[in-house]
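Visitor: Here is what each chain is made of, one letter per residue.
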Amino acid sequence: MIENKGRPNRLGLKGWLGGGRWGFERYLYTLHRVTGLGLLTYFVMHIGVTASRAFGESAWVAAMGAVKGPLFSVGEYLVFAAFAFHALNGVRLGLVELGFAIGAPIEPVYPYRTSVDEQRPLAIGVMILAAILAIVGGIGFLN
Amino acid sequence: MRDQELWTWHIGAGAVILVLLGLHMTVMHLEAIVRVFNPAPGEPVDWANVVARGKSVFFLVTYVLLLGTALFHGFYGLRNILFELNPGPATKKTLSGLILVVGLALFVVGTWAAWVGFTVARGA
Amino acid sequence: MADNTSEVVFRIRRFDPTSDAEPHWEDYRFACAPGMTVLEGLKLIKEKLSPTLAWRSSCRMGVCGSCGMFINGRARLACNTQVAELESDLVTVAPLPNFNIIRDLVPDLFPMFQAHLEAQPYIIRDDTAEQQQPSGEYWQSAHQLEQYLQFSYCIKCGCCMAACPTYATDPHYAGPMPLGQAHRYNSDSRDGGFAARKALLSGERGPWRCHFAGECSRVCPKGVDPARAIQLMKRQLVFDYLKLSKQPCPAPIAKPPAGLKRREGIPEAPPRTIT
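Chains A, B and C supply the protein sequences, listed in that same order. Numbering follows our numbering, in which position 141 of the first sequence is assigned residue number 141; successive positions increment by one, without gaps. In our numbering, each residue's number is its place in the second sequence (first place is 1) plus 1000. In our numbering, each residue's number is its place in the third sequence (first place is 1) plus 2000.
Treat the hints loosely; a few may be bogus.
Claimed, not checked - Here chain A is said to cover these stretches of chain C; the calculated rule only asks that three of the stretch's residues, wherever they fall, bring their Cβ under 8 Å from a Cβ of chain A:
#1 2014-2028
#2 2053-2062
#3 2098-2110
It should be emphasised that the hints constitute simulated quantities derived from the structure, not laboratory data. For glycine and all other residues, C-beta sits at the position ideal for the given N, C-alpha and C.
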């Protein structure tokens, strides 16, 4: 068995962040991760805050008072926008990663039309829907 | 469980969350368009509306379902991200255990709160 | 713009393990001929400017997969990349990332080949006697051929592995090439090895760490589209877990056509020489 030789040369976390020459879907992948982590962080805090309703009205009102204010409103809107992106991109990923919307295997003829190109209309459509949802939700936040 | 099984549940949970969280977002943020889940006047987070939803079996069941699926989906995603950073095998075991414990604890807290809310709202 | 009168600078990542502590960049300036590929540039540098430059290459026409390198920020084959198509007077050439550097532009591709072996990239069937002493072809329709033909064009150059964001941080992930080749065999109707390959595919080394960034398919020089192979394979594995599908039996031996008469004047085949 030949042992691994040579100097390590992994891209590491920089490989996650891309560098300008990557495709649209790669940035969607990074954004999906970031929104997922953001939603999870919010969710854990949300469970804590909303559990206060088990202690009655005064506890609930106190908890709601603690999360009022412009900073929290902006934060909550970001959570909503993150949800809009993550959910709709998740729909795309659910379809694509189960092998739908990426086209059947074909004999490759240059210039190659890959699975990434096949699902590009779906990606664009999903992004437009996410933007619409984020804007519609934003109107509610402004009120 | 093998990743083949966990990932299948992850995608399934995503589909369930799409519906239930979409409903939750509609209740909470699209009350200008859809008002049926906020019968009392005022904000969706006003106590009267919280009680109105709290006493509903539908909301009890869907909240607990949403809680469970979202915790599984979120923490499996977090575990994936952390494991892709290539920790050692002992760290992986520890992380898996920790995530499982924290996830279960949060599920217990959330279900307890929903149940207490349900019984109090029904009693009131 | 590089044209037939201009000079080009190759900025190459040099590393000699016997004398260097760290890799470093070195610049080489020379006149660029029309249609010059990056590989030809490297050969010119070795011939005239730096005889110690090391890299792998062989066919110089994009079929052997030896010369995968990181050229101007993207994994490409050096023989397949013309200097003119880079649209820059500065050509940065680095070894393929996500592999250890043995020397200069030579990556250690062994982990990729090891993962490839784990994917069991060969036809697995029960009828070993038939495979040792074949009596005929295995029957396969044109439609069945289409299901895996695209993935069979892989030349194992490693460009997809260099582009994959998961493989950038996680060496346990098998990578687009081994997983794509596992699917090439799983979807071959002559193969019966789906259960055997699940040892690799159902665990953490399987396709579950792929999140469809799609970079592997974008950089593949042969249009193999490993991303498509991996997503199709995930569907197959999920349906297998949910018991929504059963693996079909491997292709049978094609029966020789019956009721045909040999045309006049065509000689019989010579006797078999293989026993």
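Visitor: Confirm or reject each hint.
Guide: Verification of the supplied hints:
no.	hint	verdict
1	2014-2028	holds (count 3)
2	2053-2062	violated (count 0)
3	2098-2110	holds (count 9)
Violated hint: 2 only; the structure is consistent with all others.
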